[in-house]
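Colleague: As given, the protein sequences belong to chains A and B, one line each in that order. Residue numbers for the first sequence follow our numbering, beginning at 1 and rising by one. Residue numbers for the second sequence follow our numbering, beginning at 360 and rising by one.
A hint or two may mislead.
[What the hints assert, rightly or not] With beta-carbon atoms standing in for the labels, derived distance ranges:
hint: 1; chain 1: B; residue 1: SER381; chain 2: A; residue 2: ASN267; range: 45 to 53 angstroms
hint: 2; chain 1: A; residue 1: PHE227; chain 2: B; residue 2: SER487; range: 52 to 60 angstroms
hint: 3; chain 1: A; residue 1: ALA263; chain 2: B; residue 2: GLY505; range: 48 to 56 angstroms
hint: 4; chain 1: A; residue 1: ALA89; chain 2: B; residue 2: ILE397; range: 52 to 60 angstroms
hint: 5; chain 1: B; residue 1: VAL492; chain 2: A; residue 2: ALA263; range: 50 to 58 angstroms
hint: 6; chain 1: B; residue 1: LYS438; chain 2: A; residue 2: ALA89; range: 38 to 46 angstroms
hint: 7; chain 1: B; residue 1: ARG392; chain 2: A; residue 2: ILE69; range: 49 to 57 angstroms
hint: 8; chain 1: A; residue 1: LEU352; chain 2: B; residue 2: GLY505; range: 33 to 41 angstroms
hint: 9; chain 1: A; residue 1: ASN188; chain 2: B; residue 2: PRO623; range: 52 to 60 angstroms
hint: 10; chain 1: B; residue 1: LYS394; chain 2: A; residue 2: ASP256; range: 29 to 37 angstroms
[Stated by the list, open to error] If you want the ones that stay clear, here's a sample from chain A, every Cβ over 12 angstroms from chain B, calculated:
hint: 11; residue: SER12
hint: 12; residue: ALA43
hint: 13; residue: PRO60
hint: 14; residue: GLN64
hint: 15; residue: GLY66
hint: 16; residue: TYR83
hint: 17; residue: PHE181
hint: 18; residue: VAL184
hint: 19; residue: ASP192
hint: 20; residue: LYS270
hint: 21; residue: PHE277
hint: 22; residue: LEU282
hint: 23; residue: VAL300
The hints are simulated quantities; they were obtained by calculation from the structure and are not laboratory data. All C-beta atoms in this analysis are idealised placements derived from N, C-alpha and C, irrespective of residue type, glycine included.
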Amino acid sequence: MTSYIFRRLVLSIPVLFGILFATFALARLIPGDPCRAMLGEKATKVVCDEFNHRHGLDKPVLVQFGVYINEIAHGDFGSSFRYSKPITALLMERLPITFELSLVSLLISILVGIPLGVIAAVRHNSWIDVLTMLWANMGVSMPVFWLGLMLAYFFSLTLKDTPFQLPPSGRLSAGVIPLPFFEVWGWNLTPDSFLFSFADFISRMNILNAVLSQDWEVLKDAAQHIFLPAIALGTIPMAIIARMTRSSMLEVLGQDYIRTARAKGLNRVKVVLKHAFRNALLPIATVTGLSLGGLLGGAVLTETVFNLSGVGRMMYDGITARDYGIVQGFTVVIAIFFVVLNLLVDFSYAYLDPRIRLD
Amino acid sequence: MTAESAPLKKLDAEALSLDSVSLWQITRRRLLRRKSSILGIIILAVLILIALTAEWAAPYSPTLSMLDTKGYPKEYAKKRAEPCIHLLGCPADQPQHIMGLDGNIRDEFSRLLYGARLSLIIGFATVSFAIVVGTVLGALGGYFGGWVDNVIMRAMDVLLAFPSLLLAIAIVTVLGPGLINALIAIGIVSIPAYARVVRASVLSVREMDYVSATRALGGNTYEILFKRILPNALTPLIVQGTLGIASAILDAAALSFLGLGAQPPTPEWGSMLGAERNQVFTAPHLVFYPGFMIMITVLAFNLLGDGLRDALDPRLAHVS
Chain A
1 MTSYIFRRLV
11 LSIPVLFGIL
21 FATFALARLI
31 PGDPCRAMLG
41 EKATKVVCDE
51 FNHRHGLDKP
61 VLVQFGVYIN
71 EIAHGDFGSS
81 FRYSKPITAL
91 LMERLPITFE
101 LSLVSLLISI
111 LVGIPLGVIA
121 AVRHNSWIDV
131 LTMLWANMGV
141 SMPVFWLGLM
151 LAYFFSLTLK
161 DTPFQLPPSG
171 RLSAGVIPLP
181 FFEVWGWNLT
191 PDSFLFSFAD
201 FISRMNILNA
211 VLSQDWEVLK
221 DAAQHIFLPA
231 IALGTIPMAI
241 IARMTRSSML
251 EVLGQDYIRT
261 ARAKGLNRVK
271 VVLKHAFRNA
281 LLPIATVTGL
291 SLGGLLGGAV
301 LTETVFNLSG
311 VGRMMYDGIT
321 ARDYGIVQGF
331 TVVIAIFFVV
341 LNLLVDFSYA
351 YLDPRIRLD
Chain B
360 MTAESAPLKK
370 LDAEALSLDS
380 VSLWQITRRR
390 LLRRKSSILG
400 IIILAVLILI
410 ALTAEWAAPY
420 SPTLSMLDTK
430 GYPKEYAKKR
440 AEPCIHLLGC
450 PADQPQHIMG
460 LDGNIRDEFS
470 RLLYGARLSL
480 IIGFATVSFA
490 IVVGTVLGAL
500 GGYFGGWVDN
510 VIMRAMDVLL
520 AFPSLLLAIA
530 IVTVLGPGLI
540 NALIAIGIVS
550 IPAYARVVRA
560 SVLSVREMDY
570 VSATRALGGN
580 TYEILFKRIL
590 PNALTPLIVQ
600 GTLGIASAIL
610 DAAALSFLGL
620 GAQPPTPEWG
630 SMLGAERNQV
640 FTAPHLVFYP
650 GFMIMITVLA
660 FNLLGDGLRD
670 ALDPRLAHVS
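Hey, can you work out the whole structure from these sequences and the hints?
Modeller: Take a look at the structure:
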């Protein structure tokens, strides 16, 4: 197991290198001069030379690539021309928002998708099966941004003045200001220390922060705000998970050992949940892992629709402002994150199915 | 096993019977046995019909404002006017707009019809591009192996390491916004899927006896690769391609929605929706219809793709 993990880690190095090279190359290929894009079309040559020199843009491309890799190895993803802030700082501010949204979406999609798939498989060819499959097929075919807008319309306008009314944008209502949990707990942290950055990162996830600081008002408000974007973002993975759960369960339920278990007189629920589900889990884990990439991509759309200031929204703003740093930095971080996630999914196989020998 | 094995047995009997039945005939029969595949085919047929007849079916121009349309009563040319359907009680002297007018006073219904043409072209164009490039890369890698294979497949790994929509966004940023660039970006992003499918098929038949026989008979690389090996990759490619069209249309709509794909006044569903997204509370019809059309189109390809996969791969027939 250890040697397998080690080998997989080593094998992912070329891929990481490729990611860095690809993003570096992409950023250099962007048409238009970064200096003029940043300082305006009227910037003089002297000003531009100074600008290029300051940002290292006057060095040979290979040297720039070397500098770039060295910086990333030190956790420095460059700086945003537009916000004149380090990308790392921007990421620390924005990532928690995207994390929280993705996690809630994933949670919803698992909690709804798996039971739906199991029920559909157990009640194969019943109306509930047909409906689930219809819903799943529509779910994978819906544009995320359309679903988001329609949900916003339905829950904030059609259901206006009912208990089900939900806010169509933002993360918190105006006037609701959450206190970071570490301040509530009375911790005295020095700014810029590692512990502070970490606590700050956590405290930016509104729901987690509200739970930690036991502020139920904020928790309710944050949960109401995250509900619609999370549903919009989670629908595709939910549909994929439900479909895969159903087909995987159908396959397992047809096996002889299931019939044996039933013949022994074990009750149906136990057979389905313990004997069948556990064995159907592997493909479900695979698609769940794979849909994480879709979540990260979908975050750009969802955050744009619901006006959430996460990484996705920022990426979009970076594109429209031609801010190389942001596009490059965020793409790298998300790709690295994605590689790590895929590794974790692979490792989880070993746990879920001991028959898989990793070495 | 379950109820499905009965028709399956019958099918196998058909396949083995003395009247020769081609793979395509079996596939067609299996495909038409599923209600969902039939639904997909019907939706697709309607969409193709719409795309082909948009000129005649559309009551107005897709790009011309009602203010510039000859003989149109100006008092009704209002921005984002609600749908007016004569059958549903809209006054007969008011011009009919089944889906209302958009923010630039154009007929939404006409734009929607032309959009079908665009979306289908987008789907087929990107997937064709990806299949051609992916097939060449996968075939080269699988056939020659060694460093060629290594270089190609590692490059594919890098492409796969990005969430596809994000990579497409990054590529369009480099190429500049526009429909063609969006298509290229989505095409590039989808290459690895096809390259992998083809490479796997090539690897599995490369050492087969009939390939060796062709080589012994003096067949050149071209003949072996294109006439002996690649036809085996055809069925997985068809399945992958049909499902690929669905995701290509979805991604293209997303890029257009973000303003990176089709530019106004092109009647592309994603960009139509993106242009009116801030008006969702005042003119929901302008958001609903384009998105609904995207969903229906993608759904049709997904249903057809799933049906084809099950029809072409009988081992999977009892699942899903």
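Colleague: Now tell me if each hint is right for this structure.
Modeller: Now the hints, each set against the structure:
| no. | hint | result |
| --- | --- | --- |
| 1 | B/SER381 x A/ASN267: 45 to 53 angstroms | holds, 49 angstroms |
| 2 | A/PHE227 x B/SER487: 52 to 60 angstroms | violated, 41 angstroms |
| 3 | A/ALA263 x B/GLY505: 48 to 56 angstroms | holds, 54 angstroms |
| 4 | A/ALA89 x B/ILE397: 52 to 60 angstroms | holds, 55 angstroms |
| 5 | B/VAL492 x A/ALA263: 50 to 58 angstroms | holds, 54 angstroms |
| 6 | B/LYS438 x A/ALA89: 38 to 46 angstroms | holds, 43 angstroms |
| 7 | B/ARG392 x A/ILE69: 49 to 57 angstroms | holds, 56 angstroms |
| 8 | A/LEU352 x B/GLY505: 33 to 41 angstroms | holds, 35 angstroms |
| 9 | A/ASN188 x B/PRO623: 52 to 60 angstroms | holds, 55 angstroms |
| 10 | B/LYS394 x A/ASP256: 29 to 37 angstroms | holds, 30 angstroms |
| 11 | SER12 | violated, 9 angstroms |
| 12 | ALA43 | holds, 21 angstroms |
| 13 | PRO60 | holds, 21 angstroms |
| 14 | GLN64 | holds, 16 angstroms |
| 15 | GLY66 | holds, 19 angstroms |
| 16 | TYR83 | holds, 17 angstroms |
| 17 | PHE181 | holds, 31 angstroms |
| 18 | VAL184 | holds, 36 angstroms |
| 19 | ASP192 | holds, 31 angstroms |
| 20 | LYS270 | holds, 21 angstroms |
| 21 | PHE277 | holds, 16 angstroms |
| 22 | LEU282 | holds, 14 angstroms |
| 23 | VAL300 | violated, 7 angstroms |
Violated hints for the displayed structure, listed by number in ascending order: 2, 11 and 23.
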